[in-house]
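*Asks:* Letter by letter, the chains look like this.
There are 2 protein chains.
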Amino acid sequence: MHLKSTYRLENDQNEHVFGPGRFRILELIRELGSMNKAAQQLGMSYRGLWSRIRLTEKRLGFPLVMTESGRGTQLTPEGEDLLKKYSVLRSRCQAADDAVYQEIFGDHPIPGI
Amino acid sequence: MHLKSTYRLENDQNEHVFGPGRFRILELIRELGSMNKAAQQLGMSYRGLWSRIRLTEKRLGFPLVMTESGRGTQLTPEGEDLLKKYSVLRSRCQAADDAVYQEIFGDHPIPGI
Chain R
623 MHLKSTYRLE
633 NDQNEHVFGP
643 GRFRILELIR
653 ELGSMNKAAQ
663 QLGMSYRGLW
673 SRIRLTEKRL
683 GFPLVMTESG
693 RGTQLTPEGE
703 DLLKKYSVLR
713 SRCQAADDAV
723 YQEIFGDHPI
733 PGI
Chain W
623 MHLKSTYRLE
633 NDQNEHVFGP
643 GRFRILELIR
653 ELGSMNKAAQ
663 QLGMSYRGLW
673 SRIRLTEKRL
683 GFPLVMTESG
693 RGTQLTPEGE
703 DLLKKYSVLR
713 SRCQAADDAV
723 YQEIFGDHPI
733 PGI
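Chains as they are written, first to last, in our numbering: chain R, 623 to 735; chain W, 623 to 735.
Because the hints were derived from the structure by calculation, they are not lab data. Here the structure is a predicted model, which is why all the values come from computation and not from measurement. It is possible that part of the hints are untrue.
Chain copies aren't distinguished; within one or between two, either way the pair holds.
[To be verified] Okay, derived cross-link-like pairs now, EDC-like style, lysine to aspartate or glutamate, Cα gap no bigger than 20 Å in a straight line: (1) 626 <-> 720; (2) 680 <-> 653; (3) 706 <-> 725; (4) 659 <-> 637; (5) 659 <-> 634; (6) 707 <-> 649; (7) 680 <-> 720; (8) 626 <-> 637; (9) 707 <-> 632; (10) 659 <-> 725; (11) 659 <-> 703.
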């Protein structure tokens, strides 16, 4: 058995702002330089991907992606910053949480697990 | 903005074993002494609640609840143990994760948040 944690950022109205799904979207846009290709790779519609990004941008108050003619779509500096911070957050939380899990469930496992 | 984490226990096949939903189910069964009342309070069908418990029991390999004639439904000692351990896990992980969040997002917030 192991711990599977999910980390989401919410605004003060407890609305979803950013999590693993949008992290993956931004990662792919950065990698592929295209929202269309990112959507295809995720098996999502362009519209679905775009609406998620727009909602997060709206809730954050700044743009995450920018599209320039001939250069495709790139992350804005704020988008890059969010991607990096979330990645660090997730890694560090996972390490901390796994240690907690081991302390509680590792030494004295529930019988049968 | 704040961090909203979810903690789930999975088996070695990455199948769901226990998380916030089943935690709440066990809490209510303990409180109400009845799976029917717990299901009502959660707006779930008895069948839906029961199938979730059974699946978790199957994946753990031991029973979480026991029903005795005239005494309603109670948690087994293993069910109590799981409830308690998960509760401690969640509290401690939340504290650790919130500290990580503050370090990363607290001092240098993303503009606009």
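*Asks:* How would you label the pair residue 680, residue 720 (within, between, both, or neither) given a Cα cut-off of 20 Å?
*Replies:* neither (33 Å within a copy, 24 Å between copies)
*Asks:* My question is about residue 706 and residue 725: at a cut-off of 20 Å on alpha-carbon distance, are they close within one copy, between copies, both, or neither?
*Replies:* Intra 29 Å, inter 14 Å, cutoff 20 Å: inter-copy only.
*Asks:* Evaluate residue 707 and residue 649 at a C-alpha cut-off of 20 Å and name the case that applies: within, between, both or neither.
*Replies:* Cα proximity of residue 707 and residue 649: one copy only (13 Å, versus 35 Å across).
*Asks:* Can you tell me if residue 680 and residue 653 fall within 20 Å by alpha carbon in one copy, between copies, both or neither?
*Replies:* neither (23 Å within a copy, 42 Å between copies)
*Asks:* Under a CA distance limit of 20 Å, which applies to residue 626 and residue 720: within one copy, between copies, both, or neither?
*Replies:* So residue 626 and residue 720 pass the 20 Å test inside a copy (9 Å) and across (17 Å) alike.
*Asks:* For the identical chains here, do residue 659 and residue 703 meet the 20 Å Cα criterion within one copy, between copies, both, or neither?
*Replies:* neither (22 Å within a copy, 48 Å between copies)
*Asks:* At 20 Å max between alpha carbons, let me know whether residue 659 reaches residue 634 within a copy, between copies, both or neither.
*Replies:* neither (33 Å within a copy, 33 Å between copies)
*Asks:* First find the shortest C-alpha distance between residue 626 and residue 637 inside one copy, then the shortest across copies, and answer within, between, both or neither for a cut-off of 20 Å.
*Replies:* Between copies only: 10 Å across, 22 Å inside.
*Asks:* Give the relationship of residue 659 and residue 637 under a CA distance limit of 20 Å: within one copy only, between copies only, both, or neither.
*Replies:* Neither way: residue 659 and residue 637 sit 28 Å apart in one copy and 30 Å across, limit 20 Å.
*Asks:* For residue 659 vs residue 725, is the C-alpha pair at or below 20 Å within one copy, between two copies, both, or neither?
*Replies:* neither (43 Å within a copy, 34 Å between copies)
*Asks:* Is the C-alpha distance from residue 707 to residue 632 at most 20 Å within one copy, between copies, in both cases, or in neither?
*Replies:* within (15 Å within a copy, 27 Å between copies)
In this structure, the hints that do not hold are numbers 2, 4, 5, 7, 10, 11, in rising order.
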